[in-house]
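For reference, the chains in residue letters:
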Amino acid sequence: MKELLLDIFKIKTAVRAFFLSLICVSVLGLSCLSAQDITVMAFFDKKTVDVDDEIKYTIKIVGDVGSMARPQLPAIDDFDVYYISRSTNFAFIGGKSVPEVQYSFVFVPQEVGTYRIPAFDIQANNMIFKTDETVLSVVSLSGSKKRSKPYRHPHVPSSTNIPFSKNSPVQNHETLPQRPAPLTKGADKNLFVMTTVDKDTVYPNEQITLTYTLLTRVDLQYQGFDQEPDFKGFWIEELTDEKNLVRDETYFEGQRYLRADVRKIALFPTEPGTYALDLGTLKAQVQKVAAPNDAVDSFFDDDFFGQSVLSKREERILTTTPVSVTVLDFPLENRPEHFKGASGDFRISGYVDNTQIKINTPLVLTIVIEGKGNVETIQTPVISGPLNDFSLFETKTSVEKSKVNEQMRGKKTFQYTFLPTRAGELIVPEVFFAFFHLKYQKYMTLSRGPFSISVAAGRSDSSDQELSKKQIIPDELKDTIRTETLDIQYLKQTFRDDHARSIRIRNFLFLIDAGLLAALIIIAMRKRREKIFASNASLRRKEYAYESFRRQYKEIQKERKNTDPRFFERAALVLDHYFADKFDLSPYGLTWDVIKSQLESVEISSDVIAQCDTFYETCNMARFTSAQLSRNDYEEIDALLKTIGAKLEKLL
Amino acid sequence: VSARRRLKKQLQPFGVLAFSIGIVLCLIVSAFAQTPQSIFKQANLYYENKDYQKALETYEKIVADNTVTSADLFYNIGNCYFKLNDLGYALVNYKRAHLLRPRDFFIKYNLVFTRSLVDYTIEDKRAWYIPVIEKWLGFFTDLEWSILFLTGLGLLLVAWMCVLMFPNTTVVKSFKSFTLMITLVLALIVVVNKFVVTDFSSAVVVDNDVKAHSGPVSSESIVFRLVQGLELTILEVRGDWYKIRLNNDSLGWVRSAHIQPVYPQFFQSETI
Numbered sequence: 030m031k032e033l034l035l036d037i038f039k040i041k042t043a044v045r046a047f048f049l050s051l052i053c054v055s056v057l058g059l060s061c062l063s064a065q066d067i068t069v070m071a072f073f074d075k076k077t078v079d080v081d082d083e084i085k086y087t088i089k090i091v092g093d094v095g096s097m098a099r100p101q102l103p104a105i106d107d108f109d110v111y112y113i114s115r116s117t118n119f120a121f122i123g124g125k126s127v128p129e130v131q132y133s134f135v136f137v138p139q140e141v142g143t144y145r146i147p148a149f150d151i152q153a154n155n156m157i158f159k160t161d162e163t164v165l166s167v168v169s170l171s172g173s174k175k176r177s178k179p180y181r182h183p184h185v186p187s188s189t190n191i192p193f194s195k196n197s198p199v200q201n202h203e204t205l206p207q208r209p210a211p212l213t214k215g216a217d218k219n220l221f222v223m224t225t226v227d228k229d230t231v232y233p234n235e236q237i238t239l240t241y242t243l244l245t246r247v248d249l250q251y252q253g254f255d256q257e258p259d260f261k262g263f264w265i266e267e268l269t270d271e272k273n274l275v276r277d278e279t280y281f282e283g284q285r286y287l288r289a290d291v292r293k294i295a296l297f298p299t300e301p302g303t304y305a306l307d308l309g310t311l312k313a314q315v316q317k318v319a320a321p322n323d324a325v326d327s328f329f330d331d332d333f334f335g336q337s338v339l340s341k342r343e344e345r346i347l348t349t350t351p352v353s354v355t356v357l358d359f360p361l362e363n364r365p366e367h368f369k370g371a372s373g374d375f376r377i378s379g380y381v382d383n384t385q386i387k388i389n390t391p392l393v394l395t396i397v398i399e400g401k402g403n404v405e406t407i408q409t410p411v412i413s414g415p416l417n418d419f420s421l422f423e424t425k426t427s428v429e430k431s432k433v434n435e436q437m438r439g440k441k442t443f444q445y446t447f448l449p450t451r452a453g454e455l456i457v458p459e460v461f462f463a464f465f466h467l468k469y470q471k472y473m474t475l476s477r478g479p480f481s482i483s484v485a486a487g488r489s490d491s492s493d494q495e496l497s498k499k500q501i502i503p504d505e506l507k508d509t510i511r512t513e514t515l516d517i518q519y520l521k522q523t524f525r526d527d528h529a530r531s532i533r534i535r536n537f538l539f540l541i542d543a544g545l546l547a548a549l550i551i552i553a554m555r556k557r558r559e560k561i562f563a564s565n566a567s568l569r570r571k572e573y574a575y576e577s578f579r580r581q582y583k584e585i586q587k588e589r590k591n592t593d594p595r596f597f598e599r600a601a602l603v604l605d606h607y608f609a610d611k612f613d614l615s616p617y618g619l620t621w622d623v624i625k626s627q628l629e630s631v632e633i634s635s636d637v638i639a640q641c642d643t644f645y646e647t648c649n650m651a652r653f654t655s656a657q658l659s660r661n662d663y664e665e666i667d668a669l670l671k672t673i674g675a676k677l678e679k680l681l
Numbered sequence: 143v144s145a146r147r148r149l150k151k152q153l154q155p156f157g158v159l160a161f162s163i164g165i166v167l168c169l170i171v172s173a174f175a176q177t178p179q180s181i182f183k184q185a186n187l188y189y190e191n192k193d194y195q196k197a198l199e200t201y202e203k204i205v206a207d208n209t210v211t212s213a214d215l216f217y218n219i220g221n222c223y224f225k226l227n228d229l230g231y232a233l234v235n236y237k238r239a240h241l242l243r244p245r246d247f248f249i250k251y252n253l254v255f256t257r258s259l260v261d262y263t264i265e266d267k268r269a270w271y272i273p274v275i276e277k278w279l280g281f282f283t284d285l286e287w288s289i290l291f292l293t294g295l296g297l298l299l300v301a302w303m304c305v306l307m308f309p310n311t312t313v314v315k316s317f318k319s320f321t322l323m324i325t326l327v328l329a330l331i332v333v334v335n336k337f338v339v340t341d342f343s344s345a346v347v348v349d350n351d352v353k354a355h356s357g358p359v360s361s362e363s364i365v366f367r368l369v370q371g372l373e374l375t376i377l378e379v380r381g382d383w384y385k386i387r388l389n390n391d392s393l394g395w396v397r398s399a400h401i402q403p404v405y406p407q408f409f410q411s412e413t414i
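Residue numbers (our numbering), protein chains in the order written: chain A, 30 to 681; chain B, 143 to 414.
Source of the hints: derived by calculation from the structure; they are not laboratory data. Hints are supplied without guarantee of correctness; some may be wrong.
Computed, partial: chain A to chain B, Cβ under 8 Å [to be verified]:
id: 1; residue: V275
id: 2; residue: T279
id: 3; residue: S481
id: 4; residue: L546
id: 5; residue: A553
Chain B side only, calculated, beta carbon under 7 Å to chain A, not exhaustive [stated by the list, open to error]:
id: 6; residue: A213
id: 7; residue: L295
id: 8; residue: L306
For each residue, glycine too, the CB sits at the ideal point set by N, CA and C.
When you get a sec, could you build the whole thing from the sequences and use the hints?
The following block contains the structure:
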């Protein structure tokens, strides 16, 4: 028995061991299968690199890894390492869609030599994968062994802080035109500034649009200017719309970049000459990869926390290429007498505030010059001829500027205040303004006036003079709020169908009017009828006879229901009244013979007359004999009365 | 009979299912159908993202459907053209919006602002009363004048009824006289506005350096040149040429491609 129990125990143990082994084998097999599904690759985009040049290092993980932390690179001496981006794609392998994750880094070598990037561990799906060892040769093509660091310590606080990330919304792709020497020598090809001017030969006061374009292949935050540009000899107008900085993707020398025009300036040269513009330096922060042995950073530094929470950023100073601009002198040929250096495309208008004034009352002449160009530098237009009859007190100017499609426009208003020195018909001489028309390349002279003023003689006592002194500076000449930019009003957010709405209202009113017209016609007809009845009582009786008959017929119904013998008397009276109204007779003393003769005169059929006769006879019998009357008799007389009334109304 | 009943009973669930699917499909289609309002909002989004070309195309979709005539729509189209630096078409659309809603501040502002950007101006040599009448009668649209007339007529009818009902009341008689006068004036305005003032032939130049010839052929001499945004009147249509008149009474023939009428529907036929 004991042996038997021992055998059974052994068998159970063996079965348990078998199932345990089976489970272990299954788990191991599945792990191996899933491990086989994930492939890790790490590679540089080229094998040889110049000192200070940048080389892209990509770690590609093919397979379903779910969410995984960014791979931590080992510390590599003589290299600056920057993390660029993470991208996810799907590849079709063997007819199946397989996810593919790529982490991109940029290595910037500092020393010449051959470097081995050691194999390192990548954790995905709770498993460790090893990358291959990579060899990289760093050479010095330019001859320098070690780079000279272009970094400068910033001394101006950043004016703007615009995120310049690859995650920012981008617009359409476009390829930048190839421009000569856009980069400073030794500039970083992954992040640089291009400066362009729309024209390099201009006349004084002609607009040059200078654009700072930032191109980047790395994640960065633009932080404004480190060193402001020097535009000595130029009038400057800012064109940058910082609130709506547009970013888009572009191609430059075959490479894809994220691009933004970070600043636009309108420059107006004031004097002829050749100018080399120092365009300053810009400041940006780029993301740098954290050291791998930092335990705290490695915890937070993954895609969940994003790149902006604990990512390490390095400040970069971006240098610009100087731009040369030639400013030509205005042509001497045909230069007008009144020309003072304005150029553009302008119009002139002018008026005096009053053409009839009293002596010692100020007169304000307003001259407005508006159009394309720099209105700020326009000088006061010249008044031709001597001002013998006026004292010129002051000339006040005001400027309104606007930007339309990056072209500066504006309006400059000159207000001349005159005081007439004598009474009479005086003349304010013509005002001239000359400018160089940039489109037609020729001088143009505009003028307004002369203005005739009638000055009346007035009292010249001291109180009047005091008053005139107070009026010397009228309200119109006082300073007002200046408009900086003129633009159209913004979009309408909702819309309504104006036409359909108006049509609906019009149709509704049309129906109302039609109803009112119908009501008016009815009222007018009734009024007319009443007027006719008022002058013809017999017609009125005839018209209302049946209405009266029906009313009286209803009144006798109570007596019929109660089988009151007076019903017959009243029924006969109802018919008597009807006939009296119809034939315009008195109802009192009306006899059947009279009624009958009247009915025969209007040719009423004999059967109706017979019915009437029967009705009267039956009523009289009921009234004057002692015969017992049944309910049926009441009903018969009632029905007969109703029938006679209806028939007669049709016939009479 | 029983076999037919059985068959009918068996097919009944399929009928119910088909009906249900039909209802669900109708609901889905109506939920995803694009209404003019939703298209308008989509276009606004494009505009806010500075994609003016796309915004313009989307607004034009609503216009092409021909179901809506809205001042807001033309105003926004005008804004798109303005941002695309096309002053001529911007002006045409602001003018259309202004005709539909003449008292709207924003429309008037953009119309005046766009006119101020036109490089050249034309002196108005028309009779002095024409601009005055245009200004005063232009305060309301044609339909609004009709509505005012119908309102006046309604009041006149009410006054007339009151006179019939209360014939000896002085106030009622005065009311009737007043409404009669108002209604007659409004009727006159409606007629004048409809047949005399409303300028269905107004148009705008949409290209720069447009040549106006002395006849409807290119070989005729050039009488003057026009720039984008100038407003004019079309007098006659001959082939793809318009005979135009400027406010300073200059006359010329211009290719129709350079001119955009404010009321395009009036220029479908060969002659006005």
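Checked hints:
Nearest Cβ of chain B to the Cβ of V275 (chain A): about 7 Å, under the 8 Å cut. The hint holds. Annotation: T279 (chain A) was flagged as interfacial toward chain B, and the flag is violated, the nearest CB pair being 16 Å apart, outside 8 Å. For the restraint placing S481 (chain A) at the interface with chain B, the shortest Cβ-Cβ distance is roughly 21 Å, beyond the 8 Å limit, so the hint is violated. At its closest, the beta carbon of L546 (chain A) sits 6 Å from a beta carbon of chain B; the interface hint therefore holds under the 8 Å criterion.
The criterion of a C-beta within 8 Å of any C-beta in chain B is met by A553 (chain A), whose closest approach is roughly 6 Å, and the hint holds. At its closest, the beta carbon of A213 (chain B) sits 5 Å from a beta carbon of chain A; the interface hint therefore holds under the 7 Å criterion. Interface restraint check: L295 (chain B) against chain A, minimum CB-CB distance 5 Å, threshold 7 Å, status holds. The beta carbon of L306 (chain B) is positioned within 7 Å of a beta carbon in chain A (closest approach about 5 Å), and the interface hint is therefore held.
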